[in-house]
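Engineer: With these hints in hand, go ahead and build the complete structure from the sequences.
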Amino acid sequence: MQTVVQITRNGKTALPNSPVSFSEKLGERGLFAETIDTLQVNVGKLCNQACKHCHVDASPARTEIMPRKVVEACLKAIRDFRIPLLDITGGAPELIPDFRYFVTEARKLNANIVVRHNLTVMFEKDQTDLPEFFAENETEVVSSLPYFLQQQTDAQRGNGVFEKSIDALKRLNKVGYGIDERLVLNLVYNPVGAFLPPAQSAIEADFKRELKQRYDISFNNLFTITNMPIARYLDWLRRSKNEESYMQKLVNAFNPATIAGLMCRNLISVDWQGNLFDCDFNQMLELGVEENAPQTIFDFDLEKLKNRQIATADHCFGCTAGSGSSCGGTVA
Amino acid sequence: MHYYNEEDLGRFGEIAKYKPELFEKFLAWYQACQEEGALSKREKALIGLAVAVTVQCPYCIEAFTNSCLENGSNMEQMTEAMHLASAIRGGASLVHGIQSHNAHDKVSM
Chain A
1 MQTVVQITRN
11 GKTALPNSPV
21 SFSEKLGERG
31 LFAETIDTLQ
41 VNVGKLCNQA
51 CKHCHVDASP
61 ARTEIMPRKV
71 VEACLKAIRD
81 FRIPLLDITG
91 GAPELIPDFR
101 YFVTEARKLN
111 ANIVVRHNLT
121 VMFEKDQTDL
131 PEFFAENETE
141 VVSSLPYFLQ
151 QQTDAQRGNG
161 VFEKSIDALK
171 RLNKVGYGID
181 ERLVLNLVYN
191 PVGAFLPPAQ
201 SAIEADFKRE
211 LKQRYDISFN
221 NLFTITNMPI
231 ARYLDWLRRS
241 KNEESYMQKL
251 VNAFNPATIA
261 GLMCRNLISV
271 DWQGNLFDCD
281 FNQMLELGVE
291 ENAPQTIFDF
301 DLEKLKNRQI
311 ATADHCFGCT
321 AGSGSSCGGT
331 VA
Chain B
1 MHYYNEEDLG
11 RFGEIAKYKP
21 ELFEKFLAWY
31 QACQEEGALS
41 KREKALIGLA
51 VAVTVQCPYC
61 IEAFTNSCLE
71 NGSNMEQMTE
81 AMHLASAIRG
91 GASLVHGIQS
101 HNAHDKVSM
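Which chain is which? The protein sequence lines are A and B, in order. When we follow this note's numbering, the leftmost residue of the first sequence carries the number 1, and every step to the right adds one. When we follow this note's numbering, the leftmost residue of the second sequence carries the number 1, and every step to the right adds one.
Heads up, some of the hints might be wrong.
[What the hints assert, rightly or not] In the DSS-like style, the derived pairs of lysine-lysine whose C-alpha atoms are separated by at most 25 Å in a straight line are:
1) B:K17 - A:K249
2) A:K249 - B:K41
3) A:K249 - B:K44
4) A:K69 - A:K249
5) A:K52 - A:K164
6) A:K25 - A:K306
7) A:K212 - B:K41
8) A:K208 - B:K44
9) A:K208 - B:K41
[What the hints assert, rightly or not] Some residues of chain B that are not near chain A, with every Cβ distance over 12 Å (derived):
10) H2
11) L27
12) C68
13) I88
It is worth saying that the hints were derived from the structure and are not from the lab. Cβ coordinates follow ideal geometry from the N, Cα and C atoms, glycine included.
Structural biologist: Printed below as a string of structure tokens:
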């Protein structure tokens with residue numbers, strides 16, 4: 001099911017211009033969900049940063065924030081359908097008023113919790129105790145650090161972000177993250193430019209060595225994520241005249257072995273208003289779940305959603321290139 | 001009109017047109033050389049970039065710059081590799097100066 005995306009960006013289609021369609025590569029088999037073991041909730045677009053590659057278009061100027069009634073509906077879905085993993089993302093999810101309520105209530109339901117934490121938000125007003133809060137709730141922390149050097153990190157995430165990120169990682173280490181086996185700290189690498197990520201194990205070894213030697217920082221795993229050709233990153237590809245070559249690169253690197261492990265096959269994505277999507281990227285493209293399936297968290301039904309057909313379009317090449325890409329790193 | 005066109009790198013396969021079996025052999029060799037072995041893919045990409053700069057091939061420079069980045073190298077590391085190759089090239093020229101010394105000594109009193 002190749003879906004036509006109606007939304008546009010700056011007068012152009014919100015999808016990249018690909019030399020081959022994803023549905024053509026996928027063939028007749030299509031793409032179907034296998035189960036739902038992860039509720040990935042994007043609680044809003046408000047963020048203290050405005051990264052150049054952000055697929056959410058998040059920034060301090062955004063006002064979209066998940067209201068309490070949607071949080072409650074997410075908790076109900078976790079409870080009623082025993083969904084084992086809650087993956088909270090944004091924006092900077094910590095900035096929404098109900099973030100801590102969401103985490104502590106989900107914890108009471110025995111859900112494992114992942115928070116996609118941008119590190120620098122820890123230095124915002126009323127957020128300095130985040131490491132302790134995360135530790136108390138044993139949330140897994142997943143944080144972007146595109147490179148172990150300042151130049152690359154600041155080029156993508158903004159001036160001063162690297163230095164703050166290093167300070168934040170030290171604070172997380174201090175409460176036991178990346179050291180105590182109950183407190184998992186995973187980092188995310190994504191390329192600072194129009195190229196594919198390196199082999200995950202190789203770059204993880206580099207990050208571990210360099211961060212330890214330079215800053216005495218420890219962490220558990222490094223996930224490599226391919227930049228998705230949508231939103232701000234697509235704008236940059238177009239401005240820098242890299243759209244065509246990047247899409248060709250993704251198409252050339254299409255790896256059928258990634259299909260079985262794609263994250264859309266075992267998660268459902270919820271937006272700040274409660275609408276359901278096959279992944280956070282489809283959410284940003286307003287590419288909803290299959291028509292016949294429940295459309296919002298308020299009428300969530302695992303049985304009706306777990307084998308749904310996934311909506312795909314040409315941006316999906318971002319998840320199938322090379323060893324594949326997902327919110328948990330490579331998939332093949 | 002200029003001799004080097006960026007698009008020509010993507011047309012490399014057309015070289016097979018008049019002698020496909022030789023190009024196939026070259027391609028197999030070329031690709032095998034870049035696989036992980038006693039040296040890592042990253043080390044090989046850095047060697048490739050250094051050689052590309054030395055032989056001044058714009059296609060190879062672009063290809064191996066991307067290959068270095070996609071294997072996790074940064075510009076500091078890549079620049080060191082390029083300097084080493086260039087220094088060897090410079091040194092290779094300079095050491096031939098000894099030939100000049102020899103020639104000088106031969107004809108001089």
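Engineer: Now look at each hint and say whether the structure bears it out.
Structural biologist: Results of checking the hints against the structure:
1. B:K17 - A:K249: Since the Cα atoms of K17 of chain B and K249 of chain A sit roughly 24 Å apart, the hinted pair holds (cutoff 25 Å).
2. A:K249 - B:K41: Holds: K249 of chain A and K41 of chain B sit about 18 Å apart, inside 25 Å.
3. A:K249 - B:K44: 20 Å, holds
4. A:K69 - A:K249: This hinted pair is violated, its Cα atoms lying about 43 Å apart.
5. A:K52 - A:K164: 17 Å, holds
6. A:K25 - A:K306: Given that 25 Å is the threshold and the Cα spacing comes to 24 Å, the pair holds.
7. A:K212 - B:K41: This hinted pair holds, its Cα atoms lying about 23 Å apart.
8. A:K208 - B:K44: 22 Å, holds
9. A:K208 - B:K41: Distance of about 19 Å is within 25 Å: holds.
10. H2: 18 Å, holds
11. L27: The claim holds: L27 of chain B sits with its nearest Cβ about 15 Å from chain A, beyond 12 Å.
12. C68: 9 Å, violated
13. I88: 26 Å, holds
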